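The sequence shown begins at 484 in the numbering used here and counts up one residue at a time.
Worth flagging that the hints you see were computed from the coordinates, not collected in a lab.
It should be emphasised that the depicted structure is a prediction, and the values quoted were computed from it without experimental measurement.
Any given hint could turn out to be false.
[As the list claims (entries may be wrong)] With a Cα cut of at most 27 angstroms, we get these calculated DSS-like pairs of lysine-lysine:
1) K657 / K685
2) K996 / K1045
3) K924 / K1045
4) K924 / K685
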Amino acid sequence: MASTRVHLVLVHGLFSSAKVWKAFETLIGTDPELADWVSVHPFEYDSPLIRLRPDRRVAETDDVADQLGTFLETELADAERIVLVTHSQGGLVVQRFLARKLWNGEGHELARIKHFTMFSCPNTGSGFFLTVRKFLKLWRNPQEQQLRPFDRAVTEAQRTVLSAVVHARGHSDKECPIPVRAYGGSADDIVPPIVARGVFPKGGVVTADHFSIIQPADRTAASYRAVRGALIEVARAASVRESALPLASTAARPSTTKGTGDTAADARIATDAEAADGPSYPPPAAEDPDLAPLPPPPYWQLDEGQLKGEDRHGLVAHLLSEQARRRVHVVAGPGGSGKSRIALEAADRARRAGHRVWWVSAPELSLRMRMIARDLGAPSITVERAWLVGTAMDLVWTLLDACPEPWLLIFDNVDDPERLGSRDGPAASGTGWLRTPQNAKGTVIVTSRVRSRHAWGDASRVHQVLPLDDNDGASMLLERTGGLGGTNEDARRLSRQLGGLPLALRQAADVIKAVHQSQISLDSDIRDFETFRRTVAPRVDTAADQDGPHLSELLGREIVEKVCGIGMDLLTQHELPQAPTLLKVFACLSIAPIPYRCLLTDSALAQSPLFPGATPARTSALLAGLEELGLVDAYEREGVADRRLAGVLTLHPVVHGVLREDEEVRKRPADYYGLAVRMLRSAIQHSNPDHPANWPLWAALSPHALEVSRACLLGDLRLSDRSVRTEALELARLTARYLIATGLLGPAYDLVLPLVERCSSFGFDSDDREILGLRHEQGRVHLDREQLPLAEQVLGRVVRVRTRILGENHADTLASRHKLARAINEQAGREAEAEVMLRSIVEAENEVRGPEHYDTLVVRHTLARTMLARGAHREAEAEAREILSISRRNHWPPATPEILRVQETLTHSLLRQDRARDAEQVIREALQHASQPADSNVVMRLRFTFVLVLLGIRGRTPEAVKELRALVRDLDRVVTSEHPLSVQARALLETAVREMPT
């Protein structure tokens, strides 16, 4: 990477200078991975508090923006890769610079800017001391004036940056795609995090105030890691582009393809998946799982063509109007009528107007709403607690109603309204995920086939989507075929035959175009609109005779089924007979995007009777055929570094539903659903769901794992192959583990409980080992929810049955025994009972897994905590020190959450022995190593323990009270007063202040 030089330009803020970047310069200069290939350039501009000399003026923001442009043109004339990092007003300077370049038609000049990161930028204006600013008559600083909330020039620049930089589709004079990140400081009272994040969709919150955010103490500081990551990302992208150039000549598909466009790359599907081994124990130090960016709406679909229909354009305009705000709008119509396309058009126009836009796909509902909570600035400890105690819906809507910017929330493909309801009421009650915004700047759109207003509530407005008229349908056909299909009148007749259904029209156009242009041999009677109409007419002869603009759901489904069948027939008859089979396998999965590179491995396909002799090249050809005929949409997801996860494909929900009812799929469910199960099992084979490093893979696959396991076990498939059901149970168990590990306890419980309660319906007994695995996860949910008696009841039975079936020291039995011991240990007065159990488990773990296995040490830590609770402080200390010694010997990351908790236990054991100074050294080391956000649960607990240590050292009480007050302020900001840690901290503060010497 040393040969790929990256130039880092640092832009300071208001009333500041380039000196503020000294810490960054020092750290980068001494970073062994950056020093050789990163050049640092602080950009200095004049920003005085006040100018007393009448012959000199204070430069305005536009002047500084032009000055930055001159700096880049002269000082960095030869730089090929530039990364911009700003503080406070510096972010507005860069935004203005970018906007002015684009307004002047100079977008191509921005191509060498590869990344833009803002720290504490007042993206909606800074309200700090606003009254003083406005009324201090001598203060006429034009730079300061643009920091006041909602300055028009700032808003204009932001809208341009959002539409033509953040959401740019390509390089031109008027747009230039640049990754933009906006970070706020958790303790920043000058530019609060929600202001710093503003309208920018990516970024986060780091532990810092307004000034310390750009003064990292060391390389573990979150702000430094953010900049470091951007630099490495830019350098790697350059290296990848250089190494990828020779592959351009190997492309075997047209450049318009939205997939890889590269047969050689697609042929590596199996290699990529098989080479992805999971991490070894212990789990890597956890980053905050909630900092994963929310995927953007599927804007790539806009390239499919312009929205057709005057009524549809009118609906989009209405949805974005002032009158439409503070309402829920249900865009309803038959499958394939273009509901999602209307919502996407609204999303695109909203983002270009500077609105915040969130797109929630129904299969990923809970995870997407959690991402929205974090995107709105909720600290991780708040999100974690809300999802734990069941207040997640209230949290998200509190944040939405407080959001200062205009926003649009879209729930897509919600054909079961109750998915948006709460446990206590239907969607229409307004107590679940779907609610009427109280924020005058908020709008909610739902796309659904359900048109009943009763299902959505009286406060919702239902907009029915009508089919395209003949002229608009003809226009769509002509544009999509490039004029290859015939005359306008021919197109009108075909549109009428297909009922004006956009999905059917698109697929018909793709078939006609493929017959003319495809590299696949398609010797077909279909050549144009008229021959397609004659082919489809015997199959569907009712749409053309239907009176009125309405199209029934059943007729629309029939039209799509027949048009889809024509495409599959062409592939079957000519060279690609397995392509329709692969499409039907995809239909067994969820309607969520399918990361096909993870799933389509040689081993999974070749072992199936559906794909004898499968090879990577053959699989790539099948995918190409499906995409060319419009049966799937393939595209690369932005911002996804892992190639296996970047490439995804989707099926339209109607096509998905039609193929799931296909006669062959219903006759051979064990083959089709069995392959779906085995593809998923193969993809996650080496990816432990408890390890944070594997969570991106699990996030992509979990909607499919949920869908397939439920279909195999709770659906009406009647699978005769017991091995498929057994594998589906294991897939469900592993998926539940992932959901529990990421704090999605509700979805985990909703998955496990029906499988346990209805196990006899799919041929299993409640005491079969497969069901015991699910009951173990059920007990874990109760344990994490602090429902200790329930956890003890469920886990106690699991332990008894597993001991009888598997033996007392089987690994699975030991896991359940440990969880049971934890449930007992956390109930007051039962520590002695738990200690006996834990000592027995540790002894067995030493034999089964070994004394230095991560799982063994987790049990030993539970034992150490039990010793501590029972007053055996020296024994607890010895146990904790031994665990830490083993972790260092095995080079485990010191920021691993379990290791941090062991240090917390060691600190308490030293405190109980009146060794506060030794305890201080341990807890300071833990705080230094912690890489989690300052508002995370683990760091908050470490801070509380640090206060306890200070209170135990003579003369340190004032320092302790200061730290405790800061902690209470942070807790007040991120959790409710009923949160257990908040209650403890407040009580301790009251006592400490009362007893503090005066």
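**Prompt:** Is the Cα-Cα distance between K924 and K685 27 angstroms or less?
**Reply:** 21 angstroms, holds
**Item:** Restraint status (C-alpha distance of K657 to K685 at most 27 angstroms)
**Value:** Distance of about 22 angstroms is within 27 angstroms: holds.
**Message:** Next pair to validate is K996 with K1045; report whether the Cα-Cα distance is within 27 angstroms.
**Reply:** 18 angstroms, holds
**Distance restraint between K924 and K1045, which requires alpha-carbon spacing of 27 angstroms or less** = 44 angstroms, violated
Hint violations for this structure: number 3 only, all remaining hints satisfied.
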